[in-house]
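Asks: Sequence:
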Amino acid sequence: MNTVDTKQIEKKSSPILSLGFSPCPNDTFIFDALVHGRVECGYAFKERLEDVETLNRMALSATLDVSKVSYHLLGHILGDYLLLRSGGALGRGCGPLLVAREKLDAASLAGKRIALPGRYTTAALLLRLFNPSLSDFVYLPFDKIMAAVADGSVAAGVIIHESRFTYQGHGLQKILDLGQWWEEETGHPIPLGGIAARRDLGRETLLALEQAIAASVERAFKYPAEARPYIRAHSQEMSDEVCDAHIGLYVNDFSRGLGSEGEAAVRLLLGRAEAAGIIPPLREPLLI
Numbered sequence: 035m036n037t038v039d040t041k042q043i044e045k046k047s048s049p050i051l052s053l054g055f056s057p058c059p060n061d062t063f064i065f066d067a068l069v070h071g072r073v074e075c076g077y078a079f080k081e082r083l084e085d086v087e088t089l090n091r092m093a094l095s096a097t098l099d100v101s102k103v104s105y106h107l108l109g110h111i112l113g114d115y116l117l118l119r120s121g122g123a124l125g126r127g128c129g130p131l132l133v134a135r136e137k138l139d140a141a142s143l144a145g146k147r148i149a150l151p152g153r154y155t156t157a158a159l160l161l162r163l164f165n166p167s168l169s170d171f172v173y174l175p176f177d178k179i180m181a182a183v184a185d186g187s188v189a190a191g192v193i194i195h196e197s198r199f200t201y202q203g204h205g206l207q208k209i210l211d212l213g214q215w216w217e218e219e220t221g222h223p224i225p226l227g228g229i230a231a232r233r234d235l236g237r238e239t240l241l242a243l244e245q246a247i248a249a250s251v252e253r254a255f256k257y258p259a260e261a262r263p264y265i266r267a268h269s270q271e272m273s274d275e276v277c278d279a280h281i282g283l284y285v286n287d288f289s290r291g292l293g294s295e296g297e298a299a300v301r302l303l304l305g306r307a308e309a310a311g312i313i314p315p316l317r318e319p320l321l322i
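Its first residue numbered 35, the sequence shown is counted upward by one per residue in our numbering.
Some clues are possibly wrong.
To be verified - Per label pair, the in silico range of CB-to-CB distance:
#1 245 with 274: 25 to 33 Å
#2 238 with 270: 33 to 41 Å
#3 319 with 258: 43 to 51 Å
#4 320 with 137: 34 to 42 Å
#5 287 with 238: 31 to 39 Å
Calculated from the structure, these hints are not laboratory results. No experiment lies behind these values; they were computed from the predicted model shown. The C-beta atom is built at its ideal place from N, Cα and C for all residues, glycine as well.
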């Protein structure tokens, strides 16, 4: 007589939620345990790995149940989504960099063409907050920006992700650290990307997701070798050293949970974006 594995039956019958995040090492590190069933929340997940601006645009049409999004984009989607407290990228010393071929004065960029990694990225928001007079932007995939700056297609570019570790190898110079500017301007850490979940999933599901993502982060910290194959599968062009540096920069205690400090930073960023007319008025609750 065959023995029935009730845990397998429960797993197979779990409702499936769509989950979007980037193939960058920080996201695959965070979500590995969740998508592979090493933490439980009563749901299975169909993951969608895309660059952050693709995820932002998918969230604008409410395509995914749960998704990593830029904090800039969050201000545009609060009618459909709210922010989960776990799983995001927020910290100090990790902001976008403005780079150029030659040493430029950041204050003299007016009239120059600047490449940005997407209209709705936090990188784009920070540059607009830094200098509202700038307007000549070209939007490129984040991994195409360094080449565009290096070949003179644009005067400067804002780089994110692993480009922070490799731009000097492309003959580029740092003009401005937008994260450092934000920290000095406000005293707060910089909110880069957070996890948005559809409001219509309901409070019980949203709380379960928030807790499960936090547990996935904890497991990744406790057993980092478990996540390594998943990370490597989606970062084949990066060395282990760059992967580790990437994770070390973007995954921290704020990824476990925003806490009061993280929440204050998010509210300040969105408040400044609203005051500048960059995002619509904030009328919906931000968090569960």
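Asks: Of the numbered hints stated earlier in the document, which are not met by this structure?
Replies: Checked against the structure, the hints that fail are numbers 3 and 5, while the rest are satisfied.
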